[in-house]
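Please arrange chain B on chain A, whose structure you already have, making use of the hints.
In order, the protein sequences belong to chains A and B. According to our numbering, the first sequence is numbered sequentially starting from 1. According to our numbering, the second sequence is numbered sequentially starting from 1.
Please keep in mind that the hints were generated in silico from the structure rather than gathered at the bench. This one's a predicted model, so the numbers in the text were calculated from it and none came from an experiment. The C-beta atom is built at its ideal place from N, Cα and C for all residues, glycine as well. Hints may be right or wrong, so weigh each one.
Okay, the calculated bits of chain B under chain A, using three or more residues with CB under 8 Å as the criterion [unchecked claim]: (1) 86 to 97; (2) 172 to 186.
Computed cross-link-like contacts, EDC-like style, restricted to lysine to aspartate or glutamate with a CA-CA straight-line distance of at most 16 Å [as the list claims (entries may be wrong)]: (3) K32/A with E160/B; (4) K32/A with D108/B; (5) K23/A with D54/B; (6) K23/A with E56/B; (7) K141/A with D60/A; (8) K90/B with D52/A; (9) K90/B with D108/B; (10) K90/B with D38/B; (11) K32/A with E187/B; (12) K141/A with D181/A; (13) K90/B with E73/B; (14) K141/A with E74/A; (15) K32/A with D194/B; (16) K32/A with E189/B; (17) K141/A with E70/A; (18) K103/B with D181/B; (19) K103/B with D54/B; (20) K141/A with E211/A.
Across the chosen pairs, the derived CB separations fall in these ranges [what the hints assert, rightly or not]: (21) R162/B with D208/A: 51 to 57 Å; (22) D114/A with G25/B: 18 to 24 Å; (23) G25/B with E4/A: 38 to 44 Å; (24) R136/A with A88/B: 29 to 35 Å; (25) A27/B with S212/A: 31 to 37 Å; (26) G40/B with P185/A: 28 to 34 Å; (27) F101/B with L26/A: 49 to 55 Å; (28) E4/A with T87/B: 22 to 28 Å.
Each chain, written out:
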Amino acid sequence: MQDETFAPRDWTSHPPLNHPAYKSTLLRSPSKPLVPLRQTLSELSGPVYGHDTLGPLDADLTRNARKTSEPIGERIIVTGRVLDENGRPIRNTLLEIWQANASGRYIDAVDRHDAPLDPNFLGGGRCVTDADGRYRFTTIKPGAYPWGNHANAWRPAHIHFSLFGPSIATRLITQMYFPGDPLMPLDPIFQATPEGARDRLISAFSLDATESGFALGFAFDIVLRGRHSTPMET
Amino acid sequence: MAFRQTPSQTVGPFFSFGLAPEQYGYAFRSIAGATLIDNGTPGSHIRVLGRVFDGEGQPMSDALIEIWQADAEGRYAHPADPRCSNTAFKGFGRTGTGTDFEKRFIFDTVMPGAVAGQAPHINVIVFARGMLNHLYTRLYFEDQAEANAHDPVLQSVQSERRGTLLARRDGATAPTTYRFDVRLQGEGETVFFDV
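Excised from the complex, chain A in its bound form (with noise of 0.2 Å):
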């Protein structure tokens, strides 16, 4: 009656719960185990959002809060297909980002980081994938910014993508990060990552994604969890 089940998250791709380096974790992350649980209906399932979720701007975030002019920035096209672990398009899915200016400010009111904001863009925006998996965003390139970690401590400009994917047990809120950039080695949140995946969270210039004469492009896939071939027990 039910479908497949998926594959566990994969803790030799993820980040570890504790990271000392970075300092928030130390009271935010479990002292226990995780409990083992056994997929039911409950973790087979989750929301389902399509394409009638979009507003017609919501995938380009260098028009969907404009008021006057265009935000201020270097363009630039973000895309990619989101696949799961035996290379199969997921469809339809929602892909939500959110990233700050190209100052390195964002828009949300808790960021005190003295650098302007920018009146014609907010940093947030969604599309669905399509029959390929693909998905396609138009941006601004984001800043990098100061934090509080340690002394001197700079993120590399990201963006945050958050996905469904077909099931809760398929959630995954991550970072991606551009290639190249020097900060990367110095940011406790990015080598949380175990070292052997970490370039999964970098992009790469695509010379066939970027647009003649309007905006650099980047290619960014993003893997899921896979479903088992074995069939859940009941």
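Here is chain B on its own, set in the frame of chain A:
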């Protein structure tokens, strides 16, 4: 499994305008919020509220809580459920803890029906700055003792920790309200599942 999972990263402190813009007052539509029902939603309307505490017992104002639940008949609005809900009840809620003066999350929803051999429950996902991975837990209802006693997931948890998964009746006024506090670490640490 030829492709490897994309690593998780923290939601960070600045998700409000992206993930819950209407709640925080930004001019961008939210896909989901803290109210899962309208007056016509079938079932028993309930309120579920609580706070998220860190390892020093401090309530957190920058957590993001998502809930996923069945409708009053125990049906999920998803194709994996053969009894797929045909009501307007979507079953998904999302809210941050940064707009309530007591740092609570407050969901208005329906009492979920029992799902295939399980006690009524709400699936809860917790995100926050300082959490490199989201955590899954489940909310069960204290006053469903008989169903809880036969729930395979709840019964798989050590008896002394089961209470962390029970939402308790909070006050006697309408709407029927349940309190479910989440403790990330330490005394009374909530059970989190490796889903």
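Any of the earlier hints contradicted here, and which numbers? 4, 26 and 27
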